[in-house]
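A.B. asks: Per my numbering: the sequence shown ends with 504, consecutive numbering throughout.
Honestly, the hints are just simulated from the structure, not real lab data. There could be a bad hint or two in this list.
Unchecked claim - Using 27 Å as the maximum straight-line C-alpha spacing, the simulated DSS-like pairs for lysine-lysine come out as follows:
(1) LYS496 to LYS412
(2) LYS496 to LYS482
(3) LYS417 to LYS482
(4) LYS459 to LYS482
Stated by the list, open to error - Restraint ranges, calculated between C-beta atoms of paired labels, are given here:
(5) ASN494 to THR432: 19 to 27 Å
(6) ARG431 to THR384: 34 to 42 Å
(7) GLY454 to GLY415: 39 to 47 Å
(8) ALA381 to ALA501: 35 to 43 Å
(9) LEU406 to THR432: 12 to 20 Å
(10) ASP453 to THR502: 18 to 26 Å
Even for Gly, the Cβ is constructed at its ideal location relative to N, Cα and C.
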Amino acid sequence: MAAAGTLHTDESIVINCPLSQVFSYMTDPARATEWVSSAEEYAMVSGSPDVPGSLAAVTTKVAGVKLHATEEITAYEKNRTIGFHSTESRIPYERALDFTSDGDGATKVTYRLDAETGTGIFKFADAITQKLYAHDVRGNLRNAKTILEATNG
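Model the full structure from these sequences, guided by the hints.
C.D. replies: Set out below in structure tokens:
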């Protein structure tokens, strides 16, 4: 559970594609702007996406505000998880994607995010922002599902 002063989002979806295919697609920096609707740019600036300590530059548009961040990969276990921590961001956050196979060719993806409240655009509208962000995450997961299932079919 998130601590006080933290916005917490935890959303899951089942994608009817093999675990390795889903993991490969959703952890590929070159594919981020395809399935994440708020992502305008996402690029590795050091290291590689499968090495903790590597850095990525991110540009998103949230609630009409363009945000730039640098995030560090904090965890990587192939076909299981990838984690991130903001190192430069107006809104400090940690996020992770976890992947599990159902054993029948489908993959459950869980997206978790914890972001600090009381700063920047979150200062006065934490509850509203929480709901909007969770809605956005659900939409992004549905985008990934649609793309992956179309290419798998």
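A.B. asks: Find the hints from earlier in the document that the structure breaks and name them by number, from lowest to highest.
C.D. replies: 6, 8
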